[in-house]
Amino acid sequence: MSTRGPFWALSIAILRGFLRDRGAVFFAIIFPLMFLVLFGGLLANQDQSKVDLIQIGSVPLVDDLPDDARGAFDATFEVSEKDDRAAALEEVRKGDADVAIEQRGDRLIAHYTQTDAVKAAVTQGTLRAFVDGANVAATGQEPRFTFEPESVEDDSLTVIQFVTPGLLGWAVAMSAAFGAAATLQGWRQSKLLRRLQLAPVSTRTIVAARVTVTLLIALGQLAIFLGLGAAAFGLTLTGSWWMAIPLVVVGTLCFMALGLLAGALARTTEGAVNLANFLVLPMAFLSGSFFPLDAAPQWIQRLSDLLPLKHLNTGMLDVMVRGEGPSAALVPLAILAGFALVVTALAARLFRWETT
Amino acid sequence: MAAISARNLTKTYGDLVAVDGVSLEVDDGEFVGVLGPNGAGKTTLLEMLEGLRRPDGGDVEVFSEPVWPRNARLQTRIGVQLQASSFFERLTAREQIRTFASLYGVGPGPADDWLERVGLTDKADTRVEDLSGGQAQRLSIACALVHDPELVFLDEPTAALDPQARRNLWDLLSSINDSGRTVVLTTHYMDEAEVLCDRVAVMDHGRILQFDTPAALVRGLDAPARITVGPGTLTTEQAAAIPGVTETADSVDGVVLVTRDPAGVVAALAEGHHLDGVKVQTGTLEDVFLSLTGREYRA
Ligand SMILES: Nc1ncnc2c1ncn2[C@@H]1O[C@H](COP(=O)(O)OP(=O)(O)OP(=O)(O)O)[C@@H](O)[C@H]1O
Ligand SMILES: [Mg+2]
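Top to bottom, those sequences are chains A and B. Heads up: take any position in the first sequence, counting from 1, add 100, and you land on my numbering. Heads up: take any position in the second sequence, counting from 1, add 4, and you land on my numbering.
A portion of the hints provided could be inaccurate.
Claimed, not checked - Selected chain B positions facing chain A (Cβ under 8 angstroms, derived; list incomplete):
{"hint": "1", "residue": "Thr-80"}
{"hint": "2", "residue": "Thr-103"}
{"hint": "3", "residue": "Tyr-193"}
Treat the hints as calculated values from the structure; they're not laboratory data. Just so it is clear, CB atoms sit at the ideal spot from N, CA and C, and this is done for glycine as well.
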């Protein structure tokens with residue numbers, strides 16, 4: 101092994117320290133992922149799940165649907181077939197299926213349960229629409245009115261599409277701010293900063309190593325979030341998602357600066373971490389990391405415009421899932437960079453090598 | 005040539021004058037000890053000499069270069085062990101010293117050698133948080149020496165060490181000093197200062213009270229010698245009759261004779277064949293220390 105330069109030696113020492121700190125790894129990666137699983141996995145299933153439909157015997161009305169109508173039918177219903185009528189009804193009664201249908205002559209009979217009111221309504225409405233469609237078709241006339249559903253972008257975003265950028269923003273903000281605050285205070289408490297002052301390494305090298313490691317961690321978070329989201333929860337990224345990389349980088353710098361500020365203000369490691377927490381957690385709520393702010397009062401939306409995390413989240417949402425072009429990230433990037441500069445300048449003014 | 009040359013160093017913390025106008029010259033290759041009660045200002049003085057703390061007054065030159073502000077030319081030539089161990093969190097002993105070595109452009113080979121020299125090879129894969137106090141102290145010393153500095157500052161290097169580790173460190177420091185390095189250490193152990201140091205500075209209340217060789221300090225103390233002869237060899241009356249004896253006392257070890265002429269008294273004892281179980285105690289550095297700094301506790 102050859103001699104490493106001071107920059108790499110410091111970077112590796114810091115990275116090892118991070119990876120061996122179970123608490124830090126948990127809060128940077130596992131904890132936000134738990135939210136991703138919660139929102140993306142559990143909640144998403146709720147609105148995606150289809151109505152379980154049992155078809156008893158042959159039901160020509162359904163079997164003979166034209167291809168396009170059949171597609172629409174399958175989008176709503178998970179169809180299974182059963183010849184035993186009693187067994188089918190029993191399944192509906194027990195809640196294993198939502199509806200059982202049979203056709204007697206021209207009558208389509210649906211046996212459904214009222215336990216899930218929403219599904220019951222969907223079932224009734226949809227079946228009725230199909231019967232109406234069949235009636236119209238039977239007259240041989242062109243229908244006079246047509247219905248064209250057109251989705252507004254946001255409504256088409258599944259839960260996973262919406263929560264991934266926000267949670268990622270929160271995860272990046274949290275680990276960057278905590279990492280900077282805790283390192284600064286920890287090194288100061290342990291006198292390591294003083295020891296480093298005696299070694300032939302410039303302050304610039306120390307800062308560069310710390311920043312590099314935090315950026316690596318943030319890009320790791322990005323990779324894990326996108327990888328897991330795509331693999332397990334059907335996250336699909338839109339064209340210029342790669343603009344999320346510069347967003348994460350600049351966002352990390354911004355929140356490191358905030359963490360440095362907390363580290364410079366506080367006198368103990370715990371104090372610094374608490375202060376960082378105090379800054380980041382409410383900001384995450386107000387920046388739409390956990391739920392969209394569209395329904396929030398005007399003043400909250402206005403307030404959130406002052407928060408860097410809001411801009412990080414919006415930027416990532418735009419490029420990662422809303423399908424906007426790379427330029428959509430430019431304004432958030434500029435705002436985040438501005439925040440980073442101002443806060444760093446403030447932290448540098450308040451910074452002291454020692455606690456006293 | 006002077007390795008360290010400090011003039012009129014002063015440091016105050018609020019009302020407290022931690023270091024009060026200290027001037028000090030340390031020659032190249034010298035082994036210097038700083039003794040003083042808790043709070044005397046030893047650490048503060050050392051940190052100013054290292055260029056770690058800015059003096060309120062006075063100035064310091066090391067190898068004829070100013071140490072403040074941070075002087076990059078000096079940093080590779082100076083090695084420092086701080087009083088409080090300072091490590092990278094959650095690294096093993098080996099990773100720790102290799103990291104410090106890299107900061108000075110020293111490879112992993114010499115770094116591992118240093119672990120060996122302070123007897124930590126067995127603990128190479130132990131995280132610093134899990135080292136014992138003495139082991140951490142030895143690692144901290146090894147980290148200070150890993151780049152083979154010409155001038156070494158050690159702040160209470162033996163404070164947490166067991167007797168074996170202490171003796172081993174003495175040997176290590178002596179060999180470093182023998183190879184021409186300058187060593188400055190603080191200690192509370194008089195025997196250590198007496199064995200290791202060419203010169204000792206006794207410090208109290210931020211001032212250096214005396215700075216000389218241990219022998220000269222003891223001589224300067226002008227303390228009477230205490231000669232003990234085995235029980236039954238001599239009565240107190242006979243002892244008091246010997247010329248030069250100023251005081252006598254009985255003890256479990258025999259009769260104690262206090263004198264300022266130990267040579268004459270021992271000669272007289274030999275003449276009378278009274279040398280059974282004889283013990284001669286002259287002044288020690290500890291006597292010097294206590295007489296200079298008093299006996300009351302320090303905050
Ligand atoms: N950062 C500081 N702020 C305020 N007072 C300080 C500071 N550092 C040291 N002092 C005070 O300065 C005095 C000298 O401290 P110093 O650490 O130099 O003593 P010392 O001789 O090294 O003591 P010890 O033998 O206990 O290590 C002490 O009274 C201490 O309380
Ligand atoms: Mg001290």
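*Can the hint on B/Tyr-193 be confirmed by a CB-to-CB distance to chain A that is less than 8 angstroms?*
Violated - the Cβ of B/Tyr-193 stays beyond 8 angstroms from chain A, reaching only about 23 angstroms at its closest.
_chain A contact restraint on B/Thr-80 - CB to CB distance below 8 angstroms_ = With a closest approach of 5 angstroms, the B/Thr-80 hint holds.
*Quick one, is the B/Thr-103 hint okay against chain A at 8 angstroms, beta carbons?*
Since the shortest Cβ distance to chain A is 5 angstroms, the answer is holds.
Hint compliance for this structure: hint 3 alone is broken.
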